[in-house]
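Protein chains in written order, with my numbering: chain A, 1 to 341; chain B, 1001 to 1557; chain C, 2001 to 2312; chain D, 3001 to 3110.
By construction, these hints were calculated from the structure, which means they are not laboratory data.
Keep in mind that this is a model prediction, so the values were computed, not measured.
Careful, some of the hints might be misleading.
[Said to hold, decoys possible] Reference listing, derived: stretches of chain A covered by chain B, where coverage requires no fewer than 3 residues with Cβ under 8 angstroms from a Cβ of chain B:
#, region
1, 24-32
2, 36-50
3, 59-65
4, 162-168
[As the list claims (entries may be wrong)] With beta-carbon atoms standing in for the labels, derived distance ranges:
#, chain 1, residue 1, chain 2, residue 2, range
5, A, 252, B, 1065, 26 to 36 angstroms
6, C, 2210, B, 1236, 30 to 40 angstroms
7, A, 166, D, 3046, 25 to 35 angstroms
8, D, 3102, A, 294, 41 to 51 angstroms
9, C, 2126, D, 3062, 26 to 36 angstroms
10, A, 71, D, 3012, 42 to 52 angstroms
11, C, 2258, A, 65, 54 to 64 angstroms
12, A, 33, B, 1319, 31 to 41 angstroms
[As the list claims (entries may be wrong)] Straight line, CA to CA, 25 angstroms or less: simulated PhoX-like cross-link-like pairs of lysine-lysine:
#, chain 1, residue 1, chain 2, residue 2
13, A, 136, A, 173
14, C, 2209, C, 2185
15, C, 2122, B, 1526
16, A, 55, B, 1430
17, B, 1500, A, 55
18, A, 55, B, 1526
19, A, 55, B, 1348
20, C, 2024, D, 3076
Where is the CB? At the ideal position from N, CA and C, for every residue including glycine.
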Amino acid sequence: MQTNSWVPFFPEQASTFAWQVDALYFYLIAISVAFTIPIVAAVFIFGLRYREREKYATPEEMHGSIVLETVWSIIPFVISMTIFLGGAIVYYNQYRPPDDGMNVYVVGKQWMWKIQHEGGQREINELHVPVDTNVKLTMTTEDVLHDFSIPAFRTKADVVPGRYTYLWFNATKPGKYHLFCAEYCGLNHSGMGGYVYVMSKEDFAAWQSGNVSGQTPVEQGRDLFENKLGCASCHAGGPQQRGAKLEGIFNKEIKLVGGSTVVADDAYIRESILNPGAKIVEGYQPIMPTFKGQVTEEQLVALVAYIKSLSGVADTGGQPAAPAATPAATAPANSAPPANR
Amino acid sequence: MQDAGLTNEEIEEKPKLNYLTNGSTLKSWLLTKDHKRIALMYLVSVSAFFFVGGLYAATIRLELLTPATDLLESGTYNKAFTQHGILMIFFFLIPSIPAILGNFLLPIMIGAKDLALPRINLLSLYFYWIGGALTIFALLQGGVDTGWTFYTPYSTTFSNTFVMAVGLGIFINGFSSILTGLNFIVTIHTMRAPGMTWFRLPLFVWANYATSLVMILGTPVVAITVLLLAIERFARVGIFDPAIGGDPILFQHLFWFYSHPAVYIMILPGMGVISELISNFSRKKIFGYEFIAFSSIAIAVFGFLVWGHHMFVSGQSIYAGLVFSFLTMVVAVPSAIKMFNWTATLYKGSIDFSTPMLYAIGFLGLFLIGGLTGLFLGSIGLTVHLTDTYFVVAHFHYVMVGGQVIAYLGGIHYWWPKMTGRMYSEFWGKISAMLVFIGFNLTFFPQFILGYQGMPRRYASYPEELQVLNIFSTAGASVLGVGLLMPVVYLAHSLIYGKKAGDNPWLLPGLEWRTASPPPTENFEKMPVVTWEAYEFGEENGLDVEEARRRDLATVR
Amino acid sequence: MSAHASDKFVYHEPGLQHQFDDMKQQEESVSIGMWMFLVQEIMFFGGLFTAYLVFRSRYPLAFAEASNHLDAFWGGLNTLVLIVSSLTMALTVYYAQRGNRNMQVIMILLTMFFGTVFLGVKVIEYTDKYNSGLVPVTGWNKKIPETAGTEHAASKDPTFALPLIETRAEAASAADDHKKHPNPKGEFQWNYGTHVVDYGLSKEKETGKPYLTASERIGYFSNGVFDPDKYRDKIRMFYYIYFVMTGLHALHMIVGLGLMSWLLWTAWRGYYSAEYYAPVEMSGLYWHFVDIVWIFLFPLLYLLGRHFLAGH
Amino acid sequence: MAEHHEEHQHEHMNIPKYVGIFVILVAGTILTYVTAQWDLDGTLFAGANTLLALLIAFTKMTFVMLFFMHVYWSPKLIWLSAVASFFWLAIMFAYTMQDYLTRGSGVFTT
Ligand code: HEA
Ligand code: HEA
Ligand code: CUA
Ligand SMILES: [Cu+2]
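Bound-form chain A, shown alone (with noise of 0.2 angstroms):
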């Protein structure tokens, strides 16, 4: 998808069976232009020059003739067994997960990528791996079917709850591409993605060592919100989430059950944190916990700093949040601030 490709809206090929992929579709391109041409120049030819001369003349009969028939069925057949086995070959090659290689772990959820490799880097929708390597992901999900998906790669694989399905390629060019979930998740859906970051192996091996505290507040936040302490099970935004919606609430006058209001700033945030049931919104049932005493200062400041963020607010640190322009699309995927390396 991205611009330096050699054919205009050509997507980029980037992995060792990419150029199979590709090869195979203009084989089928070349096949389908081979038939289309005569079929439409026959079909336009036969247009011009027998078009009615004269109304409800009657054409002299003519008879199918077997010859023909059975030529034009085997032909068709042929091809389509050399398209068969051009496919069976690319996907065997798409398919046989190398024996060496690198391990990366991902969970797919509703609506976010979790990936874990096998230094213990954890990423979210972002996965970060060395050119000229072969990588093996090995892949669940905790809820519904989602697909790993990467267009510059030419594969995908579908992720499935109660089993591990597996995907594998090899980069060959360093470079930042479109990761997508490509299997229909729910609300969600279509921001459910980033990017694969594929980096010399210098700088992979840097990435490496240096990402244990290269987080920045805002991402710390969001890490602890998504994962650590699993704020986003109630609060991923949803129509059927339990929690208040966040997107967009700094600031702003909250309505509380009994009719009084509040402004959501810092304090507030943290109050919410450290004792939910002192005001409770309107709308929501006193059902969130207590995150006293399991949350360090440190982190009270990350995760007000990510909930403001998440209204477009910058912070301490932080790199400027992507605006929230539209509430919807604002999951923490779209606004994932670019690896700084």
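Given chain A's structure and the hints, the job is docking chains B, C and D with the ligands onto it.
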């Protein structure tokens, strides 16, 4: 029974009762057993569903004009494409040609007074209505957002929408389809007029026979599948739930066991119409009648062996994927045979480019592209990249809209004078056929490119670099929308102001052209005896060319 | 039916519909139509059989275990009842062909009687499942309050003690067992121990060869330890399939009884003769079809894994 | 249109024959029950019990179809549809199972 040589006035002078005028109370329509009236009621209801489905399509395209979710929220968008798919497939495309044109014409074409089981026919209409009403009710309540494929476990456990109600609507509607298929099979076996041997049947009848086989053998499976889905959702336990050891992929197997053959329910009748049009408007016997007839049956039968090609990346076994890919290639061959035979039929014909023929020519081109891109998708290595992208969306719109819908429009125009006794405006007919063709290609061709670039389907928002082609697509959809609205206007107009058509406006040999337009309730004044082959334009068919020419001179100017 | 057109068709036999030329054509049509309907029905049940096949092959031991707690006595009895009803149905047609109205009516009545017996037995079985907490839907089982463990509540408990050979003792003990297991929310219960899996595991030890399937090893065990909860899930799945299959079958029986009532009425009024008996024949086809489905359901649902019981 | 019609089929069946079929069916039921008690799975091969039970059920069904449902004297089309429906069932079973039997590991339950 030809009215050749009669002018409008003369026809007016002898008002015979036809199926439209024979009874005008509401009861005479709602409790009718006349296949022609039932077909007409189908026509109205199916068209209504088409336009509702089309409205959803319009909102989808408008939302995709920009990369962000600005017109619709993603939840609303998800409902929009789901409901678009459900209405278009189950309530428009599947009943379109069989239940309207098939119902109307099949008995006439074989020289019968009615379908063999008229009460069953009426029952099937009521199933359609009940299923449709339930679905519409569910849509009004808040709709459904699972995609038309209802994949588990999203549909069983996670979706918070009206899955059960819609599922039930589809379940009931399924029986409408089954009963229609059953009726057709019985009718074709037992109700043929004397002399109407199997190999004298018009190819439209063969196509509907093949379609009916699929309806009977496939539809019950999807019925039980959505029933299981509904029960599982209701009971919160079942066989698709991976949390307790069930298998979500089993749902896909059962669903596609029907839904792949169902795509042939959606194209075979269209192919039948095209065979009629190509042959009749070239005034020539179709090339290779037997091959076309048997290829319909072959498609129906082999169509049951390939469903797994929708599940190449679903996690089914790799081995199964290869087998299904292989069989998919095989099933393409019968379609190829048809393609070539149609083209060969044009050779040395006397081709009349009236509106129906324009649609037929359009079909040839569009179905060709749709079918060939089906091969792309059937080639397993390539599908891994293409599946669940807009390439698939473009493929199936090419076969479904470019194929069946175009054939349906062609058929409606072709038989309109027979059904209503009036001729529509040829001028507007041609304009709208052109608009549909251009608009259609503009809408869906860019989607192939989008798909290869990797744009996933069912996306409410997409990366910005893909916007250009999406704008083309939306622009095309508006042209297409206009093109599709026009027939409603001029066809309705023709009902009152249209020229009287006469019994056989095109001077064609089929049995349906040998009775009055509109036909009487019993279809024929007296039981026809068939002595000619299908598409017989020679002397044997008893058509009087000179007479028709004189009639034209008298009426046209 | 349009009256105005009939003058063109000289003679109408009674029962001949307007679209047909003669009775032969009509009968042929109706018979093909009925068969197409049956084909459709076969595919309809076929979807369920596919589901059964998949999970049966995945979790054979759990399915055997679950099946052992269906009562093969009632299942077998019902098979016989249906076969008798099939005979009487066949005889109905036989007498209809001979225009014997009285025997026809008697046979229809007998058929209906056996059909009702079948449904009655199903009610008994379903009630038993309800009482023993074997209905897979939460809340649809008998709600046994916490106090049920006391003498008083237990004596009021109307559990059906199923009178069948091997299972009898077990059912009784099970009934005792579940009295000790209150079920205030009416959840699915599985209180019977796990002897089929035990048998499989002992077999494994004995022969040193794997006995359980790979899916079973995953499906019944957590971290290598047998997990009764996971095992119970599979048994619940069996009961889900059992209820859907037998439920749909019973629904077909009810429809069949409706058909029979109509037949009874018309036969009583003497509609059928040696010349015209197609409706009797068609209803017969339907009835036999429903019987055939049961012929398969009986061994597949009630009898699998019987030998585990026998050998126990 | 089928030439043959079962107009005179009552000549084919009589009450003793019907009862005979009935006896076969009852015997089949008992046989199913009895064989189910044997541990064929353990002594022969896994699935032998089910296979036998299905064979018996199939036989019973064949009798019901041929004689109670008069397929034996019916036109070809009826034979065809009876056979075809089982053929289609077989397609559904076979192609679904080819996935399950070759899918391999990777399954776990949560
Ligand atoms: C009318 C409906 C219709 C028809 C007729 C077809 C016809 C075909 N379809 Fe299509 N298909 C759909 C409707 C249809 N499809 C729908 C709705 C979906 C998506 C469902 C969803 O996921 O929502 C889909 C998806 C779909 C997929 C799955 C894509 C995916 O989700 O990953 C595949 C894969 O194999 C496929 C293949 C084919 C093939 C091989 C044919 C063949 O039958 C085509 C045969 C025709 C030709 C081949 C053209 C004529 C031949 C020649 C000119 C000669 C040359 C031929 C050769 C060399 C062989 N289709
Ligand atoms: C018979 C089947 C059928 C038909 C006829 C159509 C017709 C159209 N479809 Fe349809 N479509 C499907 C079946 C069909 N579709 C299916 C099965 C899906 C998959 C759903 C899923 O993923 O679950 C789908 C999905 C689908 C998508 C992908 C959505 C996504 O994945 O995110 C898109 C996007 O462009 C689309 C567009 C269109 C358009 C523009 C038309 C046009 O041809 C429609 C033209 C008709 C009209 C426009 C109506 C008439 C005009 C008016 C009422 C006037 C008002 C309109 C205007 C002024 C513009 N469709
Ligand atoms: Cu996750 Cu779509
Ligand atoms: Cu398909």
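* Which numbered conditions among the earlier hints are violated in the structure presented, ordered from lowest to highest? -> 14, 15, 18
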